Amino acid sequence: MTDRVLIADDEPNIVVSLSFMLKREGYEVLVAPDGTQALAMIRGERPRLVLLDAAMPGLSGFEVCEAVRADPDLSGIRILMLTAKGRDTDIARGMGAGADAYVTKPFSTRELIVRIREMLA
Amino acid sequence: MIQPALVLAVSFGYLLLLVAVAAHGDRRAGQGRSLIDNSLVYALSWGVYCSAWTYFGSVGRAASGGVWFLPIYLGPMLAMLLAWVVLRKMVRIARSYRITSIADFIASRYGKSPLLAALVTLITVVGILPYIALQLKAVSAGYEALTGGPGPADAAWWRDGTLYMALSLAGFAVVFGTRHLDLSERHEGMVAAIAFESAVKLAAFLAVGVFVTYGLFGGMGDIWARAQAQPDIAALLQLGGQGFQGFQGAQWFTLTLLSMLSVLLLPRQFQMMVVECVNERHILPASWQFPAYLLLINIFVLPIAIGGMLIFGDGGAGAESYVLTLPLSQGAEWLALLAYLGGLSAATGMIIVETVAVSTMVCNDLVMPALLSRGRFARTGGDLTQLLLNIRRAAILLVLLLGYLYFRVAGEAYALVSIGLISFAAVAQFAPALLGGMYWRGATRGGALGGLIGGSLVWAYTLMLPSLARSGWIPGGFLDGPFGLAFLAPQRLFGLTGFDELTHSLFWSLLVNVSLYVGLSLAGRASAREASQALLFVEVFQRGEAQPVFWRGRARPEDLRRLAGRFLGAARAEALFRDHARETGTALDSLTADARLVDRVERQIAGAIGTASARVMVESVAQEEPLSLGDVLEIIDEASQVRTYARELEEATVELRAANEKLKSLDQLKDDFMSSVTHELRTPLTSIRALTELMLDTPDIQPAEREEFLAIILSESERLSRLVNQVLDLAKIESGMAEWHNTDVDMKALIVAALRSTAELFRERGAEVVLDLPEQVPMVLADPDRLTQVLVNLLSNAAKFVPEHRGRVEVALRQQGDELVVTVRDNGPGVAPEDQAAVFDKFRQGGEAGNRPPGTGLGLPISRQIVVNLGGRMWLDSQPGQGACFAFSLPLSQQGRVR
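For the protein sequence lines, the chains are H and L, in the order given. No gaps in the numbering here: position 101 of the first sequence is 101 in full-length UniProt numbering, and each next residue is one more. No gaps in the numbering here: position 556 of the second sequence is 556 in full-length UniProt numbering, and each next residue is one more.
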């Protein structure tokens, strides 16, 4: 059975690149354009991994992450935060919210896919 | 009738109770849990104003003169309600300069003059002795009324209970009034006892009042009705009733004024209100609580007076003891005893406080200067605190014994009220010097001396001597004028008739007093010391902490220390120097005797021996440079300069702090901006990098996909360069580095040109553009390229947000007054009210996430900056669902306006 991965990002072009990459690796890809829909899809579709953009309209990535971690039913879901803000405080905020990994944009697809494979292993 | 033994036992039992209250008050003060630190106790302690004279005398006066008892209470009520600010200033002055008596207050104000201090003390003693005698007489008369037997005063003096009463009061005053030398330390036990006494006399008087009004009669209405039935009593109830021809406004005014002054100036009032004031904050509440007290204690005066006249039918004779005889005649012996206790508390309270206050003056202002004038005393080194305390104790005893002597000799000569008023008139002489000195810097020592001497001589001549003449001590012919000179007749001076003797005396004495005070002050010249003290008094509130110190010279710290030790005791002197060292940040050994230290020592000693004597003592150990008037002005100048510098420094600090805050918030803004820019730059970079890598790593990518990726990379590259340009652009405009090529611009032509360059956009979106331009508009002064940038931005924004194929954009140009207004209205989704404020913020983009039209989020902020730089405004009108209308205005150019 293929692993399901949710991409939550409001930049369509980034979604294009991420979903191409994941499909090439054989994952099933889900897409959410903002925080609110992302949370709904996490609850409904139970993806194994979420690639979560930190700065989204509606609920921010941090808030989605906190909501997931606060819900015991969603405990198995792994979260990788993606952010274009590289300040130390942003990273600390992301880890504090309970993300499993934190990657700053722009990222290398080669490195990113290695991280994803590790997290789903 | 009550057994004398019982009366005596109850009296001394009551005195023991007082001792217990006072001891408790002192104990609590020692524990730091002050009993008297609240306004109610403070106000009750003012109740010492109501002496036995008022306790018994008011009823007597009401019985003979109706409402004539009232002014004596109206005065203090008015005084406290109107003049509490005066009192507050007195308290602040006394506190600041450690002033402990009224003599000290006046002397200190006029250059710390020992002569003035002695003069005020003398007037006080002469004026107050009869008043103390009066209290003793009241107690004695009360005893007589209660026991029915011959008054104790009729017995030989060694069997006279009044003497022993006087002696026990002296003992009380000695124990609780001379505990420590420094009078600016308060006597909490004594104040507590006095407040307690005020409560007792109020309760006793009210009890008798209720008994008479509701026990013997059927209430106030009943008494009134019965009084009206008897013509001689009914007459009393009208203003200017029995014994007076018509309403005599002058006498009412005189009595009210007199009691207004005496509530501030009587030594015991000064002691309670000023010296014993725990906290300035109590003054305001006490200044209505005290009038309320007076009101309460007066409610039943008329009912008791009328009730007594109705029952005894004696037309007012013996009315002064109605408070006792009314209950007694009805068999209510315990109530009579309680009433007697009330009178006793009124008398003892007055005597205790008055003797303590007067003894301070006698010691500091009469005995001390005499001792100091003997060089030997001033030079020898020993600790004098005990000696000074003993002098005060002796003074208390002496004053009381003199009072007793006066009572034995002159007791029967005069009615109570008259003696009291003579004393009032004596202390009223202090008013010009004291009140004037607090508010008029020009008043001088010469003026104060002249006024006091003149006023009190006239007082003695017109009031004191006639009273002696009536007692038969001076030949009665004196009243018709000395040596047969009728115009000098003491009660008809210069033929002034038509007044009662009190009004007459007060008129002449205050006239002479004030005239001399003002006249001599204006004519004379103040010495440097007077001028400096005047300043310290008058401007006590303005000066705050930074008071100038008027002293120049040299002194040695060890001399000062020895001096302080002599009057304060070694321990307190030590503490004084230690405090000073700590506050000035110097080591105790390396203290220099600068002006501040000298001033501090002098003030502390002043608390013990009075300002005038303290001055003499400090002079004796220091080499002082006499100050000239010029020096005083210089010192004031320096002090105010220091104040100005301090204020400027404070202002500068505040400004600096504000600037710092502003910088910090600017820094925060910059930080946020950089963070946003970084975010905006990284987002397209992310797509470009990811897609490029993916294409490199996926050799077998579909051509269609590669095409799509390349297109994205291209558009994201364009987005990047647009962003970089706009960020630079905005930075240039905001920092003022942008170049402006302003010229007269035809806005209409500019709009047409901008539309031409955005026509393609509208065609793509299938949107219609409607123009509403006038034939011709005046010119504006602007940079045409920048303005075009603004117009293109607004037009392309509109093009982005209108619905596809149904879009409609209206562009209008109007002249409104001295401005041109351009509006661009679209039929897009509009902007929600909560977002409208933020639309001109950087990196705020409208539209739904995901399908938001491409943009940098900098277009509107840049446009607004441009318009503002050109002297105009930009704003948004929008209702959600009805489209958005962006507008801006620009001022017409000079040329445009002329047209």
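Hints are not guaranteed to be accurate.
[As the list claims (entries may be wrong)] DSBU-like, lysine-lysine: derived pairs with alpha carbons at most 30 angstroms apart:
| hint | chain 1 | residue 1 | chain 2 | residue 2 |
| --- | --- | --- | --- | --- |
| 1 | L | Lys748 | H | Lys85 |
| 2 | L | Lys670 | L | Lys842 |
| 3 | L | Lys664 | L | Lys800 |
| 4 | L | Lys732 | L | Lys664 |
| 5 | H | Lys85 | L | Lys842 |
| 6 | L | Lys670 | H | Lys85 |
| 7 | H | Lys85 | L | Lys662 |
| 8 | H | Lys85 | L | Lys800 |
Don't read these hints as lab results, they were simulated from the structure. Note that the structure is a prediction, hence the values are computed from the model and not measured.
Distance restraint between Lys732/L and Lys664/L, which requires alpha-carbon spacing of 30 angstroms or less: OK: Lys732/L and Lys664/L at ~22 angstroms, within 30 angstroms.
Within a Cα-Cα threshold of 30 angstroms, do Lys670/L and Lys85/H meet the stated pairing? Holds, at about 15 angstroms.
Taken at face value, is the distance from the CA of Lys842/L to the CA of Lys670/L at most 30 angstroms? 12 angstroms, holds
Hint check: Lys664/L vs Lys800/L, CA-CA at most 30 angstroms. Holds or violated? 38 angstroms, violated
Pair hint outcome, Lys85/H versus Lys662/L [Cα-Cα no greater than 30 angstroms]: 25 angstroms, holds
Just to be careful, I want the Cα atoms of Lys85/H and Lys842/L compared with a cutoff of 30 angstroms; is the pair within it? The given pair, whose Cα atoms are some 16 angstroms apart, holds under the 30 angstroms limit.
Taking only the CA atoms, is the gap from Lys748/L to Lys85/H under or equal to 30 angstroms? It is violated: about 44 angstroms lies between the C-alpha atoms, which goes past 30 angstroms.
Holds or violated: Lys85/H to Lys800/L, with C-alpha atoms at most 30 angstroms apart: The given pair, whose Cα atoms are some 28 angstroms apart, holds under the 30 angstroms limit.
Going down the numbered hints, you'll see the structure goes against 1 and 3, while the others check out.
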